[in-house]
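First to last, the protein sequences are chains A and B.
Numbering-wise (this note's numbering), the first sequence opens with residue 9 and increments by one.
Numbering-wise (this note's numbering), the second sequence opens with residue 46 and increments by one.
Worth flagging that the hints you see were computed from the coordinates, not collected in a lab.
All C-beta atoms, glycine included, are put in the ideal place defined by N, C-alpha and C.
It is possible that part of the hints are untrue.
To be verified - Stretch by stretch, here's where chain A covers chain B in the computed footprint (C-beta under 8 Å, at least three residues):
hint, segment
1, 137 to 147
2, 156 to 166
3, 201 to 208
4, 224 to 231
5, 256 to 268
Said to hold, decoys possible - The calculated EDC-like cross-link candidates involving lysine to aspartate or glutamate, where the alpha carbons are at most 16 Å apart (straight line), are:
hint, chain 1, residue 1, chain 2, residue 2
6, A, Lys250, A, Asp337
7, A, Lys132, B, Asp442
8, B, Lys517, A, Glu304
9, A, Lys132, A, Asp165
10, B, Lys517, A, Glu196
11, A, Lys97, A, Asp68
12, B, Lys517, A, Glu199
Claimed, not checked - What follows is a list of derived Cβ distance ranges for each label pair:
hint, chain 1, residue 1, chain 2, residue 2, range
13, A, Leu164, B, Pro419, 35 to 43 Å
14, A, Leu164, B, Glu573, 54 to 62 Å
15, A, Glu81, B, Val437, 40 to 48 Å
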Amino acid sequence: MRAVFPFSAIVGQDEMKRALMIAAVDQSVGGVLVFGDRGTGKSTAVRALARLLPPMRVVDGCRYHCDPDLGGEGCTDDCPARAPGAKAKVAKAPVPVVDLPLGATEDRVVGALDLERALTRGEKAFEAGLLARAHRGFLYIDEVNLLEDHLVDLLLDVAASGENVVEREGLSVRHPAKFVLVGSGNPEEGELRPQLLDRFGLSVDVRTPADLPTRIEVVRRRDAFERDPQGFVAGRAAEEGKLQRKIAAARKRLPEVEVPEAALERAARLCMALGTDGLRGEITLMRAARAYAALEGDKAVADSHLRTMAPSVLRHRLRRNPLDDAGSDTRVERAVTEVFAS
Amino acid sequence: MNEGGPDPAARWTDAVLAAALIAVDPVGLKGAGLRALPGPVRDEWLGRLRGFLPPGTAWRRMPSAIEDERLLGGLDLVATLNAGRPVVGRGLLAEADGGVVLATTAERLSPGTAARIAGVLDTGEARIERDGIALALQARIALVALDEGMEADECTPAALRERLAFSLDLGEIGIRDMPDFPADLETVLAARRLLPDIALPREAVEALCLAAMKLGIASLRAPILAMRAAMAAAALHGRIRIEDEDLRTAARLVLAPRAGALDAPPAEEGGEEKQGEPPPPEPVPDEAQDGREPEADLSEIVLEAVKAALPKDMLEKLTGAAAGGAPSRSRGQATGSTRIASLGRPAGVRRGEPGRGARLNLIATLRAAAPWQPLRRRAANAGVAPTQAARVHVRRDDFRVTLRKPRSLTTTIFAVDASGSSALARLAEAKGAVELLLAECYVRRDRVALLTFRGQAAELILPPTRSLVRAKRSLAGLAGGGATPLASGIEAATLLADTVRRKGESPALVILTDGRANVGREGRAGREQANADALAAARMAGASRLRALLVDISPFGQPLARQIAEAMGAHYLPLPRTDASGLSNAVLAALPKA
Chain A
9 MRAVFPFSAI
19 VGQDEMKRAL
29 MIAAVDQSVG
39 GVLVFGDRGT
49 GKSTAVRALA
59 RLLPPMRVVD
69 GCRYHCDPDL
79 GGEGCTDDCP
89 ARAPGAKAKV
99 AKAPVPVVDL
109 PLGATEDRVV
119 GALDLERALT
129 RGEKAFEAGL
139 LARAHRGFLY
149 IDEVNLLEDH
159 LVDLLLDVAA
169 SGENVVEREG
179 LSVRHPAKFV
189 LVGSGNPEEG
199 ELRPQLLDRF
209 GLSVDVRTPA
219 DLPTRIEVVR
229 RRDAFERDPQ
239 GFVAGRAAEE
249 GKLQRKIAAA
259 RKRLPEVEVP
269 EAALERAARL
279 CMALGTDGLR
289 GEITLMRAAR
299 AYAALEGDKA
309 VADSHLRTMA
319 PSVLRHRLRR
329 NPLDDAGSDT
339 RVERAVTEVF
349 AS
Chain B
46 MNEGGPDPAA
56 RWTDAVLAAA
66 LIAVDPVGLK
76 GAGLRALPGP
86 VRDEWLGRLR
96 GFLPPGTAWR
106 RMPSAIEDER
116 LLGGLDLVAT
126 LNAGRPVVGR
136 GLLAEADGGV
146 VLATTAERLS
156 PGTAARIAGV
166 LDTGEARIER
176 DGIALALQAR
186 IALVALDEGM
196 EADECTPAAL
206 RERLAFSLDL
216 GEIGIRDMPD
226 FPADLETVLA
236 ARRLLPDIAL
246 PREAVEALCL
256 AAMKLGIASL
266 RAPILAMRAA
276 MAAAALHGRI
286 RIEDEDLRTA
296 ARLVLAPRAG
306 ALDAPPAEEG
316 GEEKQGEPPP
326 PEPVPDEAQD
336 GREPEADLSE
346 IVLEAVKAAL
356 PKDMLEKLTG
366 AAAGGAPSRS
376 RGQATGSTRI
386 ASLGRPAGVR
396 RGEPGRGARL
406 NLIATLRAAA
416 PWQPLRRRAA
426 NAGVAPTQAA
436 RVHVRRDDFR
446 VTLRKPRSLT
456 TTIFAVDASG
466 SSALARLAEA
476 KGAVELLLAE
486 CYVRRDRVAL
496 LTFRGQAAEL
506 ILPPTRSLVR
516 AKRSLAGLAG
526 GGATPLASGI
536 EAATLLADTV
546 RRKGESPALV
556 ILTDGRANVG
566 REGRAGREQA
576 NADALAAARM
586 AGASRLRALL
596 VDISPFGQPL
606 ARQIAEAMGA
616 HYLPLPRTDA
626 SGLSNAVLAA
636 LPKA
């Protein structure tokens with residue numbers, strides 16, 4: 009197993025780390041888009057996330073690792089939880105973080121007939137694809153703005169319905185596929201389609217750190233990792249454990265975090281001031297602020313949580329105003345200052 | 046192009062040194078970009094690199110138009126047919142594991158292919174999620190990107206240049222400029238053994254980081270690669286201690302080519318410092334390192350090494366890309382200039398029936414059918430005489446079609462009259478329209494360019510791009526006012542359109558003017574001459590049969606504007622009052638997709 013650069017060893021990039029951790033605390037926040045300069049460790053951070061996620065409870069033997077609490081609802085017929093009579097066993101499994109590489113073909117993404125089994129045993133069996141593997145976890149696309157259009161269409165469809173429908177090679181399969189979409193890319197390579205942009209709950213702008221001590225620390229840690237990956241990872245075990253426990257505790261605390269009326273109103277006014285379309289912005293801002301409060305160990309959502317999360321939640325939802333030269337960050341900041349001043 | 050830089054012999058020695066360093070640490074340094082025309086000098090360099098590598102090291106050439114099938118791997122058609130079960134074919138990147146991949150005509154690599162290779166360079170493995178195969182194969186490679194680009198903006202994709210330690214230019218090195226180089230395979234092998242033991246002193250890391258920052262190099266890959274280069278250099282000298290000389294080598298070979306070239310903050314691209322000076326020593330605010338400036342002398346050594354390596358005309362070369370549009374077709378073969386506009390770019394293969402523009406991809410279809418042959422043969426041929434039996438059984442489900450972008454890339458060129466007679470608001474509208482069109486173009490991966498004309502001449506503000514980020518950067522701070530050199534504007538736009546067309550893309554021209562020309566071609570004022578020149582330029586444009594639209598923005602319509610539109614064969618659109626979205630809609634309506 010190849011060693012992965014540990015999440016806790018990433019220097020700086022606080023907004024990116026926070027966004028990923030919030031998606032880990034509350035998956036319903038709905039995806040993270042990490043856009044920015046080259047060489048800022050975007051994909052390093054996403055790939056490191058997998059180690060931080062506390063294991064999840066799954067129906068033992070279900071190949072979509074579905075949630076035992078649902079009793080097989082929404083899962084396929086061959087799910088053990090749906091077997092009449094017997095009560096399905098529960099197991100623990102790591103939360104999947106699935107990499108969708110550029111160049112993947114459609115059959116591997118959605119799933120297809122299992123060639124090996126069909127040929128050796130003459131059975132018509134469905135070989136699940138990447139979407140099935142990512143169910144209840146994360147689907148990561150590096151260079152998401154370069155993904156082929158027909159794959160983007162497919163992802164949009166599945167991400168919206170939470171279900172993957174396969175009708176091909178004489179197969180007819182329908183299985184649950186709810187996942188958190190994580191994308192990264194460099195804006196210089198091209199823009200993202202608005203439909204896809206809208207699927208991401210949070211979007212983060214990463215910049216290369218500009219102060220020398222941080223830059224030196226990044227380079228030194230990278231060197232230490234490359235010289236002795238296993239040793240480096242082992243050396244960070246305590247830090248990683250701390251982060252893991254922080255996320256686990258936040259998930260537990262999440263349902264008890266209160267959302268006061270005043271916070272709801274602030275969120276709504278903020279979205280109105282920025283003219284974001286639909287309700288998605290408000291809902292996501294609320295969820296993200298709540299997850300952040302849980303992460304911070306707070307009992308209720310306060311202004312500070314909303315203010316911290318507003319840029320990540322709103323910057324990609326602004327209607328483009330070409331005549332306003334200010335970047336989206338400045339616009340969000342302006343609106344935040346206005347709304348929170350009153 | 047490099048007259049101001051070190052002499053050819055020194056550059057050649059450095060290039061060979063880079064080759065030796067790559068041979069010492071191929072995976073850490075990731076390779077080099079090599080800008081040179083094919084010929085004995087390039088062959089000699091490649092020969093040296095190969096000579097530094099142990100016999101049996103993989104050495105693979107990769108064409109720029111390579112398909113995913115070959116690049117990443119997939120189902121091996123022939124083997125699968127023979128075996129009657131799926132057999133994995135390794136891709137070129139996995140085949141080259143432990144060795145070198147030569148990307149030929151790297152300037153022609155598509156962003157998608159570049160991103161796939163970049164991913165492999167980052168992770169050291171090629172992942173196959175194709176044709177029912179899910180597999181990760183080791184692919185620890187060094188890449189040599191052979192770049193034959195002639196114009197400044199015709200080069201290896203930035204995503205790759207950024208990851209490769211070295212960027213070498215062998216231009217103007219003659220076969221006689223090749224002094225002996227004191228390293229051979231034995232030295233390299235000894236260095237490889239030493240490499241793991243080389244310690245990296247803290248001061249060395251700090252010096253490289255500081256130097257990179259002072260040179261305005263944003264990406265942190267640069268100091269990391271410089272560090273690896275310094276270690277490889279020490280190993281090559283048989284030392285386990287890094288000395289100043291190694292840092293100098295790393296700075297010269299890794300940092301210098303990146304100074305201001307990649308990710309430069311916009312202020313530095315601007316060209317305030319056209320005097321041919323190396324970049325100012327302190328372009329970054331220094332508060333960050335208050336008090337704890339790490340070993341100033343060491344970083345000075347590094348910086349000095351970089352300065353010495355920078356060609357004197359570097360800044361002009363950098364800004365040269367922005368002043369482009371004027372074609373430079375004087376050199377050698379005409380790569381790119383004779384290329385016919387392609388019928389569309391392949392955009393992946395998917396399951397589906399041919400027709401409606403989708404062409405059957407025979408190989409992919411056979412590949413889909415291949416694993417099933419033994420089964421189908423058994424089922425279909427039962428009781429049939431062997432002579433009548435079909436040889437290959439293809440079912441409808443097997444059909445694979447190649448998706449193509451149905452047309453070539455369109456580049457919309459805006460030529461905007463920014464003179465005093467055109468209201469200044471027009472400029473704002475044009476800027477807005479450019480951004481809206483860009484937003485419109487993202488799916489089609491189309492591009493937009495903007496030039497303005499005012500005062501004495503036309504100026505290219507935004508070279509063809511599809512990046513909103515870049516567009517915003519160049520559009521901010523666009524000024525207006527002055528006379529109306531309409532002829533120069535039309536001429537510059539036509540030239541740019543020609544350049545675009547020679548790249549195999551289709552240009553579309555949008556001119557916004559009030560038609561009140563008052564400066565002629567030679568820059569002389571005078572309305573009559575100006576009008577005549579403008580009409581002449583328009584006829585020239587018309588002769589090259591451009592798709593064009595002339596938007597007349599004068600309050601009451603201007604007869605000359607209409608005449609110019611006619612001479613150009615352009616649509617004429619009087620549009621006295623509009624806003625950015627009105628303008629972009631008008632453009633989309635008037636210039637239907639080719």
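Here is what the structure says about each hint:
{"no.": "1", "hint": "137 to 147", "verdict": "violated (count 0)"}
{"no.": "2", "hint": "156 to 166", "verdict": "holds (count 6)"}
{"no.": "3", "hint": "201 to 208", "verdict": "holds (count 3)"}
{"no.": "4", "hint": "224 to 231", "verdict": "violated (count 0)"}
{"no.": "5", "hint": "256 to 268", "verdict": "holds (count 8)"}
{"no.": "6", "hint": "A:Lys250 x A:Asp337", "verdict": "violated (32 Å)"}
{"no.": "7", "hint": "A:Lys132 x B:Asp442", "verdict": "holds (14 Å)"}
{"no.": "8", "hint": "B:Lys517 x A:Glu304", "verdict": "violated (37 Å)"}
{"no.": "9", "hint": "A:Lys132 x A:Asp165", "verdict": "violated (26 Å)"}
{"no.": "10", "hint": "B:Lys517 x A:Glu196", "verdict": "holds (12 Å)"}
{"no.": "11", "hint": "A:Lys97 x A:Asp68", "verdict": "holds (5 Å)"}
{"no.": "12", "hint": "B:Lys517 x A:Glu199", "verdict": "holds (13 Å)"}
{"no.": "13", "hint": "A:Leu164 x B:Pro419: 35 to 43 Å", "verdict": "holds (39 Å)"}
{"no.": "14", "hint": "A:Leu164 x B:Glu573: 54 to 62 Å", "verdict": "holds (59 Å)"}
{"no.": "15", "hint": "A:Glu81 x B:Val437: 40 to 48 Å", "verdict": "holds (45 Å)"}
Of the hints listed earlier, those the structure fails to meet are numbers 1, 4, 6, 8 and 9, in rising order.
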